[in-house]
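Engineer: Residues per chain, in single letters:
Protein chains: 6
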Amino acid sequence: MPLSHLKKAGDAVFVDSYVTKAHEIVVPWDGKEVAPFSLIGAPLSKTSISHSGASFSPTVIRKMLSSYSTYAIEDDIDLKDVMVTDFGDILMHVTDLDESRNRIRNTIEELLSQHSNTIPIVLGGDHGISFPSISGFKKNKGKVGVIQFDAHHDLRNTVDGGRSNGTPFRSLIEQGIIDGENLIQIGIRNFSNSKPYSEYGHDHGVTIYTMRDVRQQGIEKIIEKSVNSLCEKVDAIYISVDMDVLDQAFAPGCPAIGPGGMDSMTLLDAISLLANEDKVQGMDIVEIDPTIDFRDMTSRIAAHIILTFLTNKQKAIV
Amino acid sequence: MPLSHLKKAGDAVFVDSYVTKAHEIVVPWDGKEVAPFSLIGAPLSKTSISHSGASFSPTVIRKMLSSYSTYAIEDDIDLKDVMVTDFGDILMHVTDLDESRNRIRNTIEELLSQHSNTIPIVLGGDHGISFPSISGFKKNKGKVGVIQFDAHHDLRNTVDGGRSNGTPFRSLIEQGIIDGENLIQIGIRNFSNSKPYSEYGHDHGVTIYTMRDVRQQGIEKIIEKSVNSLCEKVDAIYISVDMDVLDQAFAPGCPAIGPGGMDSMTLLDAISLLANEDKVQGMDIVEIDPTIDFRDMTSRIAAHIILTFLTNKQKAIV
Amino acid sequence: MPLSHLKKAGDAVFVDSYVTKAHEIVVPWDGKEVAPFSLIGAPLSKTSISHSGASFSPTVIRKMLSSYSTYAIEDDIDLKDVMVTDFGDILMHVTDLDESRNRIRNTIEELLSQHSNTIPIVLGGDHGISFPSISGFKKNKGKVGVIQFDAHHDLRNTVDGGRSNGTPFRSLIEQGIIDGENLIQIGIRNFSNSKPYSEYGHDHGVTIYTMRDVRQQGIEKIIEKSVNSLCEKVDAIYISVDMDVLDQAFAPGCPAIGPGGMDSMTLLDAISLLANEDKVQGMDIVEIDPTIDFRDMTSRIAAHIILTFLTNKQKAIV
Amino acid sequence: MPLSHLKKAGDAVFVDSYVTKAHEIVVPWDGKEVAPFSLIGAPLSKTSISHSGASFSPTVIRKMLSSYSTYAIEDDIDLKDVMVTDFGDILMHVTDLDESRNRIRNTIEELLSQHSNTIPIVLGGDHGISFPSISGFKKNKGKVGVIQFDAHHDLRNTVDGGRSNGTPFRSLIEQGIIDGENLIQIGIRNFSNSKPYSEYGHDHGVTIYTMRDVRQQGIEKIIEKSVNSLCEKVDAIYISVDMDVLDQAFAPGCPAIGPGGMDSMTLLDAISLLANEDKVQGMDIVEIDPTIDFRDMTSRIAAHIILTFLTNKQKAIV
Amino acid sequence: MPLSHLKKAGDAVFVDSYVTKAHEIVVPWDGKEVAPFSLIGAPLSKTSISHSGASFSPTVIRKMLSSYSTYAIEDDIDLKDVMVTDFGDILMHVTDLDESRNRIRNTIEELLSQHSNTIPIVLGGDHGISFPSISGFKKNKGKVGVIQFDAHHDLRNTVDGGRSNGTPFRSLIEQGIIDGENLIQIGIRNFSNSKPYSEYGHDHGVTIYTMRDVRQQGIEKIIEKSVNSLCEKVDAIYISVDMDVLDQAFAPGCPAIGPGGMDSMTLLDAISLLANEDKVQGMDIVEIDPTIDFRDMTSRIAAHIILTFLTNKQKAIV
Amino acid sequence: MPLSHLKKAGDAVFVDSYVTKAHEIVVPWDGKEVAPFSLIGAPLSKTSISHSGASFSPTVIRKMLSSYSTYAIEDDIDLKDVMVTDFGDILMHVTDLDESRNRIRNTIEELLSQHSNTIPIVLGGDHGISFPSISGFKKNKGKVGVIQFDAHHDLRNTVDGGRSNGTPFRSLIEQGIIDGENLIQIGIRNFSNSKPYSEYGHDHGVTIYTMRDVRQQGIEKIIEKSVNSLCEKVDAIYISVDMDVLDQAFAPGCPAIGPGGMDSMTLLDAISLLANEDKVQGMDIVEIDPTIDFRDMTSRIAAHIILTFLTNKQKAIV
Ligand SMILES: [Ca+2]
Ligand SMILES: [Ca+2]
Ligand SMILES: [Ca+2]
Ligand SMILES: [Ca+2]
Ligand SMILES: [Ca+2]
Ligand SMILES: [Ca+2]
Ligand SMILES: [Ca+2]
Ligand SMILES: [Ca+2]
Ligand SMILES: [Ca+2]
Ligand SMILES: [Ca+2]
Ligand SMILES: [Ca+2]
Ligand SMILES: [Ca+2]
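The listed protein sequences correspond, in order, to chains A, B, C, D, E and F.
Take 1 as the starting number for the first sequence in our numbering and just add one per residue.
Take 1 as the starting number for the second sequence in our numbering and just add one per residue.
Take 1 as the starting number for the third sequence in our numbering and just add one per residue.
Take 1 as the starting number for the fourth sequence in our numbering and just add one per residue.
Take 1 as the starting number for the fifth sequence in our numbering and just add one per residue.
Take 1 as the starting number for the sixth sequence in our numbering and just add one per residue.
Source of the hints: derived by calculation from the structure; they are not laboratory data.
Heads up, a few of these hints could be off.
[What the hints assert, rightly or not] Partial pick of chain F residues on the chain E-facing surface, computed with a CB cut under 8 Å:
1) Ser17
2) His23
3) Tyr71
4) Ala72
5) Leu91
6) His93
7) Asp96
8) Glu99
9) Ile301
10) His304
Note that the Cβ used here is the ideal one computed from N, Cα and C, for glycine as well.
Could you put together the complete structure from these sequences and hints?
Structural biologist: Rendered as structure tokens:
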């Protein structure tokens with residue numbers, strides 16, 4: 001058995017025969033079969049208002065999955081047989097940002113039109129990707145509700161700087177893709193938004209939970225109210241996780257960090273609760289810039305969000 | 001309209017016409033009008049016992065203000081019309097540390113004697129600046145009480161190393177500028193002080209709340225007791241915020257970091273409560289060393305402290 | 001008195017005559033007297049599955065002790081007269097990892113056989129050192145119980161990669177050094193273990209508290225149950241603190257970091273409670289890699305663990 | 001004289017009365033007078049093929065000027081009376097990269113049409129800014145020759161990714177703004193270009209000096225030949241300095257670093273020689289990404305390039 | 001053509017249709033065909049005397065190849081049709097370092113016995129890998145000469161710490177795999193070796209060129225003498241490149257850095273000259289620790305060494 | 001032999017029985033015998049004009065000595081029997097900078113008056129230490145000449161900021177400790193000085209060699225002229241090495257870095273030549289700030305300067 005210890009470049013790492021690493025259940029698409037969950041990278045961050053390397057995030061989040069296992073000991077659920085199809089990354093145009101956004105929308109739309117039962121987990125990129133991603137999602141899902149975890153409204157006007165990472169939910173509302181009433185923002189923070197945009201939100205029926213609300217009401221209560229409210233009105237719910245909803249101490253790798261945010265366990269609890277709900281059919285994770293993070297902490301949380309989501313979806317089935 | 005896109009060096013940044021950034025309300029002094037709040041930099045850190053770049057902190061805190069907006073959504077208060085006069089920084093002497101300290105005291109004293117209604121927010125520098133700053137404050141304010149957030153007493157003797165960042169409150173007491181009974185220390189930590197200095201504090205009537213007290217009694221209770229106690233005895237209260245009162249996970253940029261400290265939300269809550277009190281008429285923020293911080297996290301909290309203070313002062317008015 | 005300001009290289013630091021620094025009570029062994037507490041470095045990390053510089057940790061933890069004082073203000077206990085004998089570090093072999101492990105076991109065994117009343121505090125190194133350390137401890141202490149703080153079981157098989165930092169407790173059980181029933185694991189985390197190893201633990205009677213247990217039951221309750229349970233069955237208890245039991249926001253310097261862990265105050269509370277128990281007669285602190293830490297935060301917590309342990313041992317005496 | 005030690009925020013730095021710092025001769029434009037030299041920031045780097053923070057470079061280069069003085073001791077020339085007008089930075093559009101490029105071209109064109117005698121020194125930004133900058137320059141200067149210091153040809157096609165930092169000189173040639181015969185590339189490196197683009201250069205008459213040429217012929221000889229050749233054919237020469245012409249050991253802050261490049265003294269010598277030539281009437285400095293540099297080394301060289309250029313222009317006058 | 005913009009995870013990067021990137025000619029082994037050049041990773045660095053992450057180097061060097069093109073403009077040679085077979089990495093044992101070394105020797109031996117015409121380029125790892133690598137090489141190549149670029153002799157005894165990265169050439173000589181007379185060391189540096197080991201070298205006929213020799217004689221002369229001398233005596237020459245032969249300013253990522261070393265161009269020149277010689281039939285590149293490098297500079301030089309080697313081998317053919 | 005593998009904390013490092021590490025010949029002073037060479041740390045950097053951690057430098061330089069051996073292979077000189085007395089560090093006052101300077105002067109003066117035959121090697125600190133160090137040196141050595149390696153004159157006035165790291169040689173001249181004619185400055189750089197201070201130098205007879213002089217005349221020639229000139233006029237020569245004489249690519253850890261400086265080999269060559277001269281009887285090495293260095297590169301060069309100095313002093317004897 002010659003050359004028996006040679007492994008494909010990058011694969012020569014220790015394997016414990018009794019451990020399944022989380023990346024092992026994420027399988028590159030073979031062009032045919034699609035699993036109940038899909039991973040799609042949308043590495044666009046030139047649309048960011050401030051300098052951002054969020055385009056590196058899909059690669060790093062995938063890599064972080066290899067640092068964790070498939071076993072949720074707290075629920076005794078092993079994800080080792082839960083497959084995830086990795087559709088890879090959407091190639092972005094070097095200089096044409098509209099084209100890049102179109103590619104995201106078309107990819108998500110086509111993917112879901114061909115594989116309607118898979119739940120897409122879209123890895124940004126900056127929050128600008130949620131406009132095309134939810135647009136593509138909406139084409140296949142009827143009336144769509146969105147639960148957005150974010151320190152910011154992202155309801156900026158598009159005149160001042162075009163469609164950026166500050167505008168996705170404004171664009172979605174103004175293009176009629178979602179109704180303001182079906183948008184719920186959780187984790188909105190002091191000194192991170194402007195009054196006119198908060199007013200825009202209120203005027204369009206957006207539900208806004210600030211961090212004070214989260215602290216006073218508790219995340220379980222807020223998620224319960226959110227899910228109940230949306231389930232009556234929409235066909236499918238899409239979760240948009242801007243990691244800067246977390247306090248800077250927990251998510252140091254977001255471009256727009258600050259104090260007063262959520263801790264990571266609260267966010268993971270929210271994800272657990274949301275995954276239990278059948279209508280939750282899509283998710284994106286955005287605004288992680290690995291070039292400014294510390295030891296990929298923020299991407300590690302993203303990996304846990306994905307695994308927590310899968311675990312609770314699985315638990316719901318079982 | 002030629003050369004229309006040229007902006008002053010450093011000013012060519014995206015402006016959203018519906019957003020007021022916090023630094024926009026901080027206006028350099030024109031030599032005449034003074035707003036209800038004043039910012040003064042005291043970039044002295046050669047008086048630190050250990051190596052410190054806290055002298056860079058005023059610049060960084062000001063810069064961090066430009067990362068946040070003026071809108072406190074949780075109280076629906078927009079600070080965009082609350083003006084702050086920026087008196088700039090006090091020039092420190094390269095090698096004469098006594099002279100530097102004198103300049104701080106004289107500047108605060110003169111500023112308040114000429115503009116008695118403005119609330120000075122002094123940006124250190126190390127904690128050594130509180131001795132001259134409070135000395136200058138005292139000259140204009142009658143009997144002064146101090147609420148000090150700190151892991152340390154800062155009651156060291158001045159024989160061993162002169163007046164340093166370990167001695168300001170000892171100096172204030174011994175110079176008769178404040179009474180020990182009017183000094184309240186919040187957040188004092190295990191293994192961060194010596195018994196003789198704790199005893200010195202007790203002997204001089206200093207009120208000491210350790211971190212265990214903060215955890216057991218809650219910050220609201222402690223602030224309420226502190227304010228009630230001081231208001232009976234003093235004409236004006238000065239808040240001295242040594243950022244190392246925070247746990248190292250929240251404020252990684254202080255020279256003397258450690259575990260077991262306060263989280264940033266607790267500190268911001270304390271500031272909110274204190275700002276409500278009319279007698280609170282001055283504040284300093286010290287011991288941030290931007291050269292060892294991570295992504296200016298600690299200065300970002302300082303910016304939030306300033307904005308939270310302004311918001312609650314404003315709320316008190318409204 | 002000529003050359004009076006010269007201090008030994010490295011010792012020319014400011015001394016406040018009223019402050020005892022924690023490193024001052026840690027005295028290098030003179031070959032004779034041994035204090036009630038001993039410090040021993042076990043700088044082995046070539047046994048780590050992933051790249052680790054944990055071998056640098058003993059030096060850094062010792063250095064961090066010099067950043068803190070001996071005074072526990074919250075309990076009014078000053079450790080300045082509590083002596084700790086520093087036995088230095090065990091020299092590791094460059095390439096023979098079995099030999100290195102043997103040296104650790106033999107050193108601990110000999111040390112305790114000669115000085116049976118000292119409590120060894122062993123500074124790793126990676127978690128692989130706990131196998132030889134507890135083996136040596138066991139030789140002198142009769143029936144031994146272990147309380148392990150860890151995100152991971154460390155019950156891996158030794159076939160796939162030999163004895164590593166993933167296998168120590170498996171080795172201890174299989175070599176009959178401890179019974180599974182006398183092993184308590186606290187802080188075990190989702191996606192950080194595999195089902196077969198959890199099952200192995202359950203099959204061998206290991207008590208497992210996950211992070212959800214810690215959050216739901218509280219650390220006091222868990223420690224109380226653990227101590228009560230073990231005290232009935234064993235002669236001596238050894239605490240093994242894998243610092244990755246802490247959340248990545250609190251202990252950024254462990255090789256295997258992630259979200260969802262313990263905060264540092266909870267761990268310090270656990271240590272306080274454990275130190276009160278007479279049968280707790282040994283401790284190790286492992287898995288700190290100073291080369292990837294931020295400002296030695298993780299080693300600072302280790303210093304606080306040691307000081308908290310001493311304080312409460314002292315309190316128990318007083 | 002009250003408040004006498006207060007300095008404008010950021011200005012409280014030590015001033016030696018016998019030293020003129022280089023930034024003191026760089027004076028913000030007052031809307032009227034324009035000096036013989038102009039500084040213009042073109043902070044565009046979203047056009048980069050790879051992730052780039054070169055947009056931060058104008059600010060950092062300006063700041064680095066404050067680290068150096070005006071005195072060229074080797075030629076006994078003091079620049080303290082040589083004024084430079086700082087036109088500030090051109091505001092870039094957040095998402096419309098064509099618009100950003102147009103703003104650069106229009107600004108340079110208008111600036112030179114209004115102030116034809118000033119020599120513009122344009123601070124990128126990535127190399128994509130040279131296309132609009134030279135286009136604007138050309139409108140006022142007749143036939144233009146370009147001396148490009150670069151490891152790369154930057155003659156890529158514009159079909160694959162639009163106009164990027166890989167295409168500026170191709171665009172200039174194809175738009176007829178410069179003739180290939182009037183483009184001289186110095187410092188072109190192995191494994192940093194593709195054969196088709198080298199052939200494109202040769203086919204269009206571009207003069208190409210590789211690093212081997214620089215080593216074998218010496219920079220003086222190459223500059224002499226370049227200047228002689230161009231002076232016969234063009235009305236004005238524009239120097240385009242891509243800092244990655246330097247070896248990675250000297251310019252660690254360029255996106256596309258590598259070994260085998262020029263040392264910084266050789267580049268400064270080249271600038272000296274070029275500045276002596278009257279027809280050299282414009283310059284840009286590009287491809288410095290301060291976010292990945294070490295201690296702003298690369299921006300420090302840029303500051304020296306500017307000062308060396310001014311010194312030799314001055315020397316030529318005197 | 002649905003989902004047309006999706007690329008395999010990690011592959012969604014800009015492609016210029018006229019550029020061949022260097023990594024494109026490095027093709028994973030298909031189990032059958034083997035190209036004239038082979039890449040094999042030997043990620044072993046637990047054998048290092050000091051802490052080393054050199055095991056990460058094969059991955060990083062491969063990645064760096066994607067930053068460069070195949071075109072050597074200075075010789076007008078395009079490597080785009082020169083194929084390199086990537087055999088991937090040899091899996092190392094977690095704790096059995098002898099086993100790891102055996103795997104390296106066996107892999108190289110088997111690879112060359114099956115594919116005798118390919119030139120192996122082995123990527124360390126620390127210098128300890130050269131003992132097994134050259135041992136395996138020797139089995140297929142008859143009498144072997146070695147040209148070692150290194151600041152250090154690596155002739156340490158194996159008693160003190162076993163076979164480490166300080167012992168490979170001693171082991172090779174003592175095991176009779178090479179003769180001391182057929183070992184040439186280039187770049188040996190002051191204060192980086194001990195007299196007994198220099199004497200050992202002299203006693204065994206090793207040819208030693210110090211850095212002073214390199215400066216005084218020039219690298220061309222030394223290479224010429226080395227090649228002439230060896231070609232008479234051996235069947236095949238193996239080049240062992242310890243990157244710490246370079247000055248710390250050029251190769252900041254080696255564990256044992258220092259001043260007074262070679263610059264990178266001199267090393268690349270040496271590689272060019274050596275590649276021209278037919279008998280040069282193998283190479284390793286060792287002692288790059290990417291975890292301590294700056295911007296992968298040292299791995300970038302390694303990539304250039306490989307490409308320079310291929311170019312000159314190709315030139316020799318053409 | 002129990003506990004046989006325990007080593008004093010920090011000493012458990014691999015020892016090769018055939019290697020002498022450089023730090024082994026540096027022996028802490030026993031209060032009695034003094035070797036021909038002495039090491040004295042002067043950790044003062046609060047006198048720096050800009051923020052500086054040069055006070056950490058003595059510790060780091062000493063540590064770097066342990067990375068190198070005692071053997072100068074190029075001259076076949078082994079320093080293993082050349083002893084150096086380590087007098088440790090002079091304790092600096094926390095806030096009284098005059099006192100700190102006095103301690104330095106008194107220490108050097110007393111040390112040399114008691115041990116007149118030892119050659120002091122003083123490790124700064126910033127360049128401000130050279131004033132007291134040379135003052136103390138002068139008291140014992142008659143007429144003193146100084147050879148200063150520096151990018152800067154350090155001839156600033158003392159009115160603007162007191163005695164700082166910009167004033168030492170002005171102070172020495174004005175206090176009559178050295179004559180301007182006996183001061184030689186080598187490596188003075190463009191844009192790093194002001195004309196009035198260059199004129200001050202010329203007016204006082206200081207010999208100034210700029211970097212252009214170094215490049216054009218060669219360092220050997222300059223050292224030869226310098227030594228010849230001084231030897232006629234003075235009794236003893238003191239070398240003051242400001243590491244910023246080096247180019248930023250070679251010495252990244254100096255506060256005032258820039259391009260256009262010396263490479264490290266040239267500086268080492270200068271030291272070799274100077275050490276040969278009997279009258280060279282003292283040296284300091286200043287302006288290394290380890291907190292901003294990369295991998296202690298600059299301190300590593302300092303270690304080589306010391307070893308090179310010892311080697312050539314030794315060679316002169318032999
Ligand atoms: Ca957002
Ligand atoms: Ca956000
Ligand atoms: Ca304090
Ligand atoms: Ca404090
Ligand atoms: Ca463990
Ligand atoms: Ca663990
Ligand atoms: Ca270019
Ligand atoms: Ca380039
Ligand atoms: Ca070697
Ligand atoms: Ca070596
Ligand atoms: Ca100097
Ligand atoms: Ca200098």
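Engineer: Now, for every hint given, state plainly whether the structure supports it.
Structural biologist: Comparing the hints with the structure gives:
| no. | hint | in the structure |
| --- | --- | --- |
| 1 | Ser17 | holds, 6 Å |
| 2 | His23 | violated, 12 Å |
| 3 | Tyr71 | holds, 5 Å |
| 4 | Ala72 | holds, 5 Å |
| 5 | Leu91 | violated, 31 Å |
| 6 | His93 | violated, 34 Å |
| 7 | Asp96 | violated, 37 Å |
| 8 | Glu99 | violated, 36 Å |
| 9 | Ile301 | holds, 5 Å |
| 10 | His304 | holds, 5 Å |
Of the hints listed earlier, those the structure fails to meet are numbers 2, 5, 6, 7 and 8, in rising order.
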